[in-house]
Amino acid sequence: MDDYILGGRSLGSFVTALSAGASDMSEAWIGVGLVIGAYLNWRFVAARLRLYTERAGNALTLPDYFANRFEDTQNLLRILTTIVILVFFTIYCASGVVAGARLFENMFGLPYQTALWVGAACTIAYVFIGGFLAVSWTDTIQASLMITALIVAPVVGYFAVTDGLQPAQSITDLMEPAKLDMMKGASFVGIISLMAWGLGYFGQPHILVRFMAAESVTTIPAARRISMTWMILCLAGAVAVGFVGIPYFLAHPGGALAVNANSETVFIEMAKQLFNPWVAGLLLAAILAAVMSTLSCQLLVCSSALTEDIYRTFLRKNAGQTELVWVGRAMVMAIALVAIGIAGNPEAKVLGMVSYAWTGFGAAFGPVIILSLFWSRMTRNGALAGILVGAVTVVIWKQNNWLGLYEIIPGFIFGWLATVIVSRFSQPSVSMLQNHQAVETELRKALA
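The sequence shown: position 107 = 107 (the numbering used here), numbered continuously.
You may find that some hints are simply not true.
Label-pair distances were calculated between CB atoms; the ranges are [stated by the list, open to error]:
#1 57 x 277: 48 to 54 Å
#2 338 x 36: 30 to 36 Å
#3 440 x 338: 39 to 45 Å
#4 151 x 40: 22 to 28 Å
#5 216 x 316: 31 to 37 Å
#6 43 x 71: 26 to 32 Å
#7 232 x 276: 27 to 33 Å
#8 316 x 392: 30 to 36 Å
#9 433 x 242: 34 to 40 Å
FYI, nobody ran anything at the bench for these hints, they're computed from the structure.
Just so you know, even glycine gets a beta-carbon here, dropped at the ideal spot from N, CA and C.
Work out the full structure, taking the sequences as your base and the hints as a guide.
Listed below in structure tokens is the structure:
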């Protein structure tokens, strides 16, 4: 089962880096905050989590890690973590299904509902058959395709725009000055809210599971460099597509109608107009790659949580490996069907759904992950309080939109405070303290 869920912890630097990057970059463009958050996650969380999950009973999932790390014999942490994963990941999976449907809808003129099923089927097939290694290796190929498309499209678009300029003109002359000013109309709260996307990295199960699956902590530094390079190039390419798209569609109004109707189709329309059908097909496959890389890992994490943390723990403690793999596959199908149901609204916006799920995980798990790795005095009750307070804060803040502040900020702060305060009212066991010290010692030796 550990081969299906974590690929036997056999991912080297290159696959770990690009599969982790592909898992998190599918819809993200909030650049500065994401780059900072991703770097800090790689720098301070990755190696420690890799060591700690192996020491904590060879934990295969995030609920497994929390339960073993805090010696939760009542499995309250396992249950709460699994519930949070299922709630927010179902929304996250739905966003991927919507993105895939947008591609097939625009490319082949399919009805939205048909496109929904076609896009989902592409991803479900290889997750169902191959498990974690299939997901990770296809993510690596998909990551390469994504970065190629995000570099080629804006470069070709730039030359297509500049070829039609007068000698004294530049590409910026075709754009409204306000669109080039990052500070134009931006409030302090707005900037902080955008930067706060970076906090979400610390709690994303589909990213953290890649750290857990790394071959060893010695592969982490190289993986970090590869992943950060890939991420920065992808972010730059995504931003460039948006900026080049503005003057391009002013000069070529043929595709502007579709872009005005849904700005999330700008890459699709540019590729269709700039390239011959064969090349456009390859570039647009990058969108499918982005959708599949994210959706596949999310489906696998949900399936793993249900299989390992519910089915095996509470229903069939002595279940064999073959049985667990088939149960995992059944869970993939079940979660995918629920996500397709949520994604059934053709008016759904991908980024809005991603934002909600990203926030939920970041606030619920981020503070608990960080403190569990760095603070030896953290206790089970503190972890329970942190996860619950973080998740509930996000839901309540989202509904009320107080101060116009992105809900991950209060969620992360309140989750952190709840973890620390509640942990002060109890003591960790001697074995928990010893395990924490052993991880610190092993980490220093490995990275010396």
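**Report entry** Hint numbers not upheld by this structure, sorted from lowest to highest
**Finding:** 9
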